[in-house]
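Colleague: Based on the sequences and whatever the hints tell you, model everything.
Residue numbers (this note's numbering), protein chains in the order written: chain A, 12 to 123; chain B, 20 to 133.
Any given hint could be a false lead.
What the hints assert, rightly or not - DSS-like cross-link-like pairs, simulated, lysine-lysine; straight-line CA separation at most 27 Å:
id: 1; chain 1: A; residue 1: 110; chain 2: B; residue 2: 89
id: 2; chain 1: A; residue 1: 110; chain 2: B; residue 2: 72
id: 3; chain 1: A; residue 1: 110; chain 2: A; residue 2: 80
id: 4; chain 1: B; residue 1: 76; chain 2: B; residue 2: 30
id: 5; chain 1: A; residue 1: 80; chain 2: A; residue 2: 67
id: 6; chain 1: A; residue 1: 110; chain 2: A; residue 2: 37
id: 7; chain 1: A; residue 1: 67; chain 2: A; residue 2: 81
id: 8; chain 1: A; residue 1: 37; chain 2: A; residue 2: 67
id: 9; chain 1: B; residue 1: 72; chain 2: B; residue 2: 89
id: 10; chain 1: A; residue 1: 67; chain 2: B; residue 2: 72
id: 11; chain 1: A; residue 1: 37; chain 2: B; residue 2: 76
id: 12; chain 1: B; residue 1: 76; chain 2: B; residue 2: 89
Rather than coming from a laboratory, the hints here were simulated on the basis of the structure.
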Amino acid sequence: SQQGEEDPQALSIQEGENATMNCSYKTSINNLQWYRQNSGRGLVHLILIRSNEREKHSGRLRVTLDTSKKSSSLLITASRAADTASYFCATSWMDSSYKLIFGSGTRLLVRP
Amino acid sequence: DAGITQSPRHKVTETGTPVTLRCHQTENHRYMYWYRQDPGHGLRLIHYSYGVKDTDKGEVSDGYSVSRSKTEDFLLTLESATSSQTSVYFCAISEEAGRTQPQHFGDGTRLSIL
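Modeller: Right under this line is the structure:
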């Protein structure tokens, strides 16, 4: 079963607006990662947030993590048409596993 | 972009035939992974490798085998392909265990089994 579940499944916004995507998970995690996937391409790593961190920034990206609610959010500010892609969260569990568990993703469309 | 090459990029084959997908990296990373991506399922781990000749199963390993005889190459084999294995397959690499480090992905192999 999947560990991370993104919400919403699809999001359509106007260029310049902010986009917020959410990820919920079920068990305790070591860290949570966000990835972007453009159509027909592989995933690209965006940001990693550790379980003892609450917020992290990278350029126009802001990620928050609430371990008490087992949820994370990805905020893209001042969106651009080039941000159109699918976004996935991935979690690693608090065991010795090497594995990441990916959610099913949010499809973001940024209209020019 | 990380130096990851997947081959072939597209393949159509028939049920019951063997299929081998190749992942080649030029980054000298220790860890390599094979995922499949299907609509509504995100990415699911098939097998991974933590060194030459060291491999382990992921969550959807049935019907798949892997081999890693060199650091740079990780092969995924479908011994007898079935229609349920029609999917897009991604290879990924990471310097350390993917749970603590980012993974870098190839551009995928689209496999259709008729």
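Colleague: Look at each hint and say if it fits the structure.
Modeller: Hints and how they fare:
1. A:110 x B:89: holds (21 Å)
2. A:110 x B:72: holds (18 Å)
3. A:110 x A:80: holds (22 Å)
4. B:76 x B:30: Satisfied, since the Cα-Cα distance of roughly 24 Å is no more than 27 Å.
5. A:80 x A:67: holds (17 Å)
6. A:110 x A:37: Given pair residue 110 of chain A, residue 37 of chain A holds - Cα atoms ~15 Å apart, limit 27 Å.
7. A:67 x A:81: Holds, because 16 Å separates the two Cα atoms, which is no more than 27 Å.
8. A:37 x A:67: The given pair, whose Cα atoms are some 21 Å apart, holds under the 27 Å limit.
9. B:72 x B:89: holds (8 Å)
10. A:67 x B:72: Violated: residue 67 of chain A and residue 72 of chain B sit about 37 Å apart, past 27 Å.
11. A:37 x B:76: Holds: residue 37 of chain A and residue 76 of chain B sit about 22 Å apart, inside 27 Å.
12. B:76 x B:89: holds (19 Å)
Consistency note: the structure conflicts with earlier hint 10 alone.
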